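Participant: Sequence:
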Amino acid sequence: MRPLSLLLASLCAAAHAQCVQLSQPPFAGGQFFLSLEDNGRLTGERLKCEGFSASAPVSWPLPAPLPTTPDFDLDRAFRRLLSPSCSIPASSPLPDIDAISLGIDWVQADPDGFVAVNPNAWGTLTFAVSRDAQGRAGSAVSLEARDPGGPGADLFSYVLRGSVMPSYLVGRTVRAQEAGEMGLTTDSQIDALDQMIPMYRTDPAMQSALGRLPANPTLYFSVTAATVNLVPTPWWGGIPTVERTGGVIFQTTWTGQQWGCVLPWRYPRQLGLSACEDIDALALEASRGVMLISTVAGGCVRRDQILFVDLNADAPTPVPYQTTTSGGDTPVSADAGLLGADDVRAICSLDPVTPRRNSTAPINVLRSTIATPTTSLTFPGIPRTLHGTMFLACHTGGAAELATYGLGWPREVEANGLVAAFLTVPGFAGAPVPLAVFARNPRPTFCGDPQALKLPIPPHLRLQAPAVRIEISWLGLNSNSNAFGQAHPLSIEL
Numbered sequence: 001m002r003p004l005s006l007l008l009a010s011l012c013a014a015a016h017a018q019c020v021q022l023s024q025p026p027f028a029g030g031q032f033f034l035s036l037e038d039n040g041r042l043t044g045e046r047l048k049c050e051g052f053s054a055s056a057p058v059s060w061p062l063p064a065p066l067p068t069t070p071d072f073d074l075d076r077a078f079r080r081l082l083s084p085s086c087s088i089p090a091s092s093p094l095p096d097i098d099a100i101s102l103g104i105d106w107v108q109a110d111p112d113g114f115v116a117v118n119p120n121a122w123g124t125l126t127f128a129v130s131r132d133a134q135g136r137a138g139s140a141v142s143l144e145a146r147d148p149g150g151p152g153a154d155l156f157s158y159v160l161r162g163s164v165m166p167s168y169l170v171g172r173t174v175r176a177q178e179a180g181e182m183g184l185t186t187d188s189q190i191d192a193l194d195q196m197i198p199m200y201r202t203d204p205a206m207q208s209a210l211g212r213l214p215a216n217p218t219l220y221f222s223v224t225a226a227t228v229n230l231v232p233t234p235w236w237g238g239i240p241t242v243e244r245t246g247g248v249i250f251q252t253t254w255t256g257q258q259w260g261c262v263l264p265w266r267y268p269r270q271l272g273l274s275a276c277e278d279i280d281a282l283a284l285e286a287s288r289g290v291m292l293i294s295t296v297a298g299g300c301v302r303r304d305q306i307l308f309v310d311l312n313a314d315a316p317t318p319v320p321y322q323t324t325t326s327g328g329d330t331p332v333s334a335d336a337g338l339l340g341a342d343d344v345r346a347i348c349s350l351d352p353v354t355p356r357r358n359s360t361a362p363i364n365v366l367r368s369t370i371a372t373p374t375t376s377l378t379f380p381g382i383p384r385t386l387h388g389t390m391f392l393a394c395h396t397g398g399a400a401e402l403a404t405y406g407l408g409w410p411r412e413v414e415a416n417g418l419v420a421a422f423l424t425v426p427g428f429a430g431a432p433v434p435l436a437v438f439a440r441n442p443r444p445t446f447c448g449d450p451q452a453l454k455l456p457i458p459p460h461l462r463l464q465a466p467a468v469r470i471e472i473s474w475l476g477l478n479s480n481s482n483a484f485g486q487a488h489p490l491s492i493e494l
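Read in order, the letters of the sequence shown are residues 1 to 494 in the working numbering.
To be clear, the hints were calculated from the coordinates, so they are not data collected in a lab. Note that the coordinates shown come from a computational prediction; the quantities given were computed from them, not determined experimentally. Note that the Cβ used here is the ideal one computed from N, Cα and C, for glycine as well. Treat the hints with care, as some may be off.
[Claimed, not checked] Computed beta-carbon distance windows for the label pairs:
| hint | residue 1 | residue 2 | range |
| --- | --- | --- | --- |
| 1 | PRO434 | HIS460 | 19 to 25 Å |
| 2 | PRO63 | ALA399 | 27 to 33 Å |
| 3 | THR68 | THR317 | 38 to 44 Å |
| 4 | ASP329 | ARG288 | 18 to 24 Å |
| 5 | THR227 | ALA137 | 31 to 37 Å |
| 6 | GLY298 | ALA431 | 54 to 60 Å |
| 7 | ALA465 | THR68 | 19 to 25 Å |
| 8 | GLY427 | SER83 | 35 to 41 Å |
| 9 | VAL58 | ARG212 | 57 to 63 Å |
| 10 | THR186 | SER274 | 32 to 38 Å |
Start from the sequences, fold in the hints, and give me the full structure.
Facilitator: Dropping the structure here:
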């Protein structure tokens with residue numbers, strides 16, 4: 001039996017979460033593809049599906065949703081490339097990947113490297129930092145730095161200035177997910193991430209002509225300077241030994257059955273970098289030839305930790321990615337609450353809104369996979385003290401599903417009470433329709449007592465043009481004080 005109020009379980013409390021801070025929109029509970037440094041208990045590339053869980057994220061699972069779905073278990077994939085001569089033998093260790101992108105990030109910048117958000121849209125950076133990062137006092141990073149394990153296994157998000165988004169999120173960094181919410185151990189270090197790769201584990205229709213995920217994606221990545229000696233000789237493509245460094249970006253393309261032989265895509269000098277530099281974060285928009293990178297902090301050349309590179313320039317040169325604040329032109333790294341010595345270890349850049357599905361431009365799959373928090377509230381007179389997020393769920397067979405999460409507290413005080421999810425359809429009159437009600441746990445396992453609701457998407461509403469859009473709103477009640485709180489509604493195209 002699967003009614004609309006279906007599924008879902010309160011996260012009961014075996015142990016009270018130490019709430020340093022709440023994970024917040026737009027990515028609390030969302031999907032990520034992560035690469036973990038090789039010196040922790042969890043290593044390699046991991047798929048973290050939607051939700052809050054103490055279970056460790058898994059290696060890319062088989063069977064795949066479709067026979068042609070790319071295999072992102074890189075330990076498996078790099079040992080069976082298109083030619084045995086370029087594959088890594090079963091007995092040999094893999095180099096440690098420390099930057100990754102499918103080349104379909106959305107880098108919102110003008111040619112000079114200044115933030116330029118599309119009209120009526122929003123953009124974000126998601127990123128990870130080294131475990132010794134401190135962050136500016138009071139920032140999301142600094143709060144996580146108080147933990148003994150540091151912030152290296154946590155994820156953060158920063159909404160670009162100029163975004164159409166609830167004002168409390170714009171121009172600031174929030175914690176997107178805490179290590180424990182993803183099942184990561186305190187000794188884990190995130191050293192690469194991508195948010196497009198998980199889309200290949202959602203509704204298989206996303207890989208169709210309607211969904212517009214690339215059928216033959218190209219994977220771009222770099223490896224750590226410490227493990228370049230593990231890179232197979234054919235991968236270097238004959239480049240001089242002096243250029244065989246952690247500053248090389250490699251590429252390989254999916255053939256439909258396996259990955260092609262790996263070859264260099266860009267060398268350090270082609271990016272305006274010195275041969276001694278090590279790239280350890282990458283967000284690439286290959287179609288426009290623009291990218292964000294980070295190099296190892298405190299390396300041979302000291303640079304800002306979020307750099308913009310325009311590959312269309314005659315001589316590409318990394319420059320700090322910048323935004324405009326009340327204080328004038330400001331590096332995004334500083335606006336995001338980072339200190340100069342804080343090492344950005346992974347980065348992803350997204351625009352989940354542009355273009356609309358009925359436009360002539362290529363379809364943006366993020367419109368149907370990540371919900372947009374709207375700027376207006378559903379219930380007049382009730383303050384915004386809760387948070388809500390929503391995502392297209394990882395596919396486990398059957399109908400595609402949306403997973404939505406409500407977390408936080410009325411008056412921001414942990415207490416007994418209720419939280420409910422409501423459905424509205426923009427453009428249709430009528431009161432919000434209640435979907436499910438959950439009892440609150442004032443001593444939750446995860447900070448903010450996140451409640452989850454999964455909603456099956458009727459097949460006849462999937463990927464229509466024009467799109468069908470719905471909104472989900474979360475409303476909470478503190479039964480001790482009869483105080484209410486709500487989250488900004490979440491809008492998504494089916």
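Participant: Indicate, hint by hint, whether the structure satisfies it.
Facilitator: Results for each hint:
1. PRO434 <-> HIS460: 19 to 25 Å: holds (24 Å)
2. PRO63 <-> ALA399: 27 to 33 Å: violated (18 Å)
3. THR68 <-> THR317: 38 to 44 Å: Once the Cβ atoms are compared, 39 Å apart, the range 38 to 44 Å for THR317 and THR68 holds.
4. ASP329 <-> ARG288: 18 to 24 Å: holds (22 Å)
5. THR227 <-> ALA137: 31 to 37 Å: holds (35 Å)
6. GLY298 <-> ALA431: 54 to 60 Å: holds (57 Å)
7. ALA465 <-> THR68: 19 to 25 Å: holds (24 Å)
8. GLY427 <-> SER83: 35 to 41 Å: For GLY427 and SER83 the Cβ distance comes to about 54 Å; the hint is violated.
9. VAL58 <-> ARG212: 57 to 63 Å: Distance hint for VAL58, ARG212 is violated at roughly 26 Å.
10. THR186 <-> SER274: 32 to 38 Å: holds (34 Å)
Hint check: violations occur at hints 2, 8 and 9; the rest are consistent with the structure.
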